[in-house]
Amino acid sequence: MARLISVHSFRGGTGKSNTTANIALLLAQQGRQVGVVDLDIQSPGIHVIFGFDQDRSMSHSLNDYLWGTCELRAAAHDVTPGANGGPAGRIWLVPSSIRPMDIARVMQEGYDVNRLNEGLRALIDALSLDVLLLDTHPGINEETLLSIAMSNILVIVLRPDEQDYEGTRVTVEVARRLGVPRMLLVVNKAPDVFDRKAIAQQVEQIYSCPVAAVLPHSEDLMVLSSSGVFAGRYPDHPLTALYRDIAAQLG
Amino acid sequence: MVLSKTVSDAGHAPVIAEHGLRALELLGATDEPPVDVILLDLEMPELDGYETLARLKGDERFRHLPVIVISAVDDLASVVRCIEIGATDYLPKPFNAALLRARLNASLAEKRLADLRLEYLEQVARVVDAAAAVEAGSFESASLEAVAARTDALGQLARVFQRMAREVAERERRLEAQVQQLRIQIDEARADRKIAEITETEYFRDLQRRAASLRIDADSDGLG
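In order, the protein sequences belong to chains Y and E. Note that the working numbering numbers the first sequence so that position 154 is 154, with each residue one more than the last. Note that the working numbering numbers the second sequence so that position 72 is 72, with each residue one more than the last.
If you are wondering where the hints come from, they were derived from the structure by calculation, not from laboratory data. A few of these clues could be false.
Here are the in silico distance ranges between beta carbons for each label pair [to be verified]:
id, chain 1, residue 1, chain 2, residue 2, range
1, E, Ala146, Y, Arg11, 53 to 59 Å
2, E, Glu200, Y, Met1, 44 to 50 Å
3, Y, Ser225, E, Glu200, 28 to 34 Å
4, E, Ala212, Y, Ser226, 35 to 41 Å
5, Y, Asp236, E, Glu200, 27 to 33 Å
6, E, Ala212, Y, Gly82, 49 to 55 Å
7, Y, Glu109, E, Ala196, 24 to 30 Å
8, E, Arg205, Y, Gly12, 23 to 29 Å
Stretch-level coverage of chain E by chain Y, calculated; a stretch enters the list once three of its residues show a Cβ under 8 Å from a Cβ in chain Y [what the hints assert, rightly or not]:
id, stretch
9, 185-199
10, 204-211
Just so it is clear, the structure is predicted and the values come from calculations on it, not from any experiment. Beta carbons: idealized from backbone N, C-alpha and C, even for Gly.
Chain E with its partners taken away, still in its complex shape:
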């Protein structure tokens, strides 16, 4: 409980699990893990620290959480084993409060950076998905809102992408409307005047009289 108090005193909110299995239960109970860093004892009932650490690092949901191993087991082999499994740091018991605070803060800073990187990659993936959606004709501008709200270059890319997709969609709508509007407009009165100009001439009347005799007597079956 000294550990819990040191963590509280450092301004953090500890969540306590009695053993490894309980810790995994707590972590898995919510969509997002409820903690930013894990302090892990190696000697515990139910599930010891090594196995707990292995399960944490083997789980996609928890892999990114920094784990600081704190244990009385201070032989070098244990330290090496924990680091190999994926522990971020190792503190021997009894722990030094100042050292714990420093390690905790370093791990938290690293976690935040990792979170930012993860978020960045997720948002890059959203832009990539958006490009595929544009190709498939299923793009929704709202899908990029979160990325577009960023103030960095990725945010600008998302905003430019949204604008261009909007313009393309707008152009396609206009073209579709144009196809809809492909109504054949003929000024009938003007056409009639032109027809009259042609057909009311003596030449035309004469041609009309002679037309049948001018035509070759083609086989009638092919001429419908």
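Just chain Y, with the same shape it has in the complex:
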């Protein structure tokens, strides 16, 4: 059976989309059929990491589905990198529209959250997905609460700083009350001066929740910026090994 995994963070800039993209690629490399839905409708971005050009390649977006003008399957685009030597599985991306009018309309009118749930189920069936990753909007609002509620696994990405610690406390508690079956924490952008094992132990203790990985702040990732999936570009990098650990815990 498929599983739905939300990747969430309480604040922006935690590296949530990058983490999602890397997990997607590594799961696809294991032969999984992976769907990725950009639920950050207000500030879409994960399509850039997959090198997906909305102007040239996009027929439909998540927005079209939410407005009832297409099936969600029609908004799913194959973004699996490298036809030859690429992963055994495939990555299907449902992008959110970056057109300002589309973003404004969603913000103004909202959308039928039940329709989203139905669409995701249909997408899993239509593409025989093993895993469906939701790249959520940071923070907690009705849409992110829905994503969390629907999740079989919730991955919370946080940086080791006070604001994220407090926000993560809120998210973890809210997810518990929604009965999310499984939660994993990913501590990202940990400065080199911190002992990563010590961080993992403390974070696990404070939230009573397993830490999937503590990822160091990476200059290499910064340099790559959003122009590619790190694990694809640097398969032997230590950071990729850590992403692989996370993927293994989700697969």
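With chain Y held as given, fit chain E onto it using these hints.
For chain E alone, kept in the frame of chain Y given last:
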């Protein structure tokens, strides 16, 4: 003994050895050689001057000591041989007291200069060792005290080095303390308020009721 008196008269303190072996004994008896310059006769019992000179120059501890050879053997071949072995100077017997004083003073001046050079090189080596110690994390500031006391550029280098090493060590201590202090501080009351704001809404309660039915029935074995 005339020689000894001339040396004393010149304001120096002579140490007398009866022959070469005795001289080597005296020199080796202390950590530092007890003399600054050696006046060496070539014709001696036990160990002659050539062999004594050769042993002095072959020994790391005594190599830097100036040796003035004084002997009745005044043929040119002997002089050349002694200079080749490492003698600093050569005076024929009977010696001229004024010439001896002049040669003695010149040798002493040279010895002092050599000592300074040697000390300088040793202290440069200490700074080099200090750099390696910093890399290895075993640097002790006190190891550079003697070098730092110099008034020249090397002294300044040592002082700057000590200061920088202190600053680096201080920064590392602060960072270590920071790691120790990586205690996760959460304002529980504020977090609780935020949680309440979210969970006490009608939307949340409704979602809570429907959550289980919204979730895909994933295989239970993988979801711990």
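| field | Numbers of unmet hints, in rising order | value | 2, 3, 5 and 6
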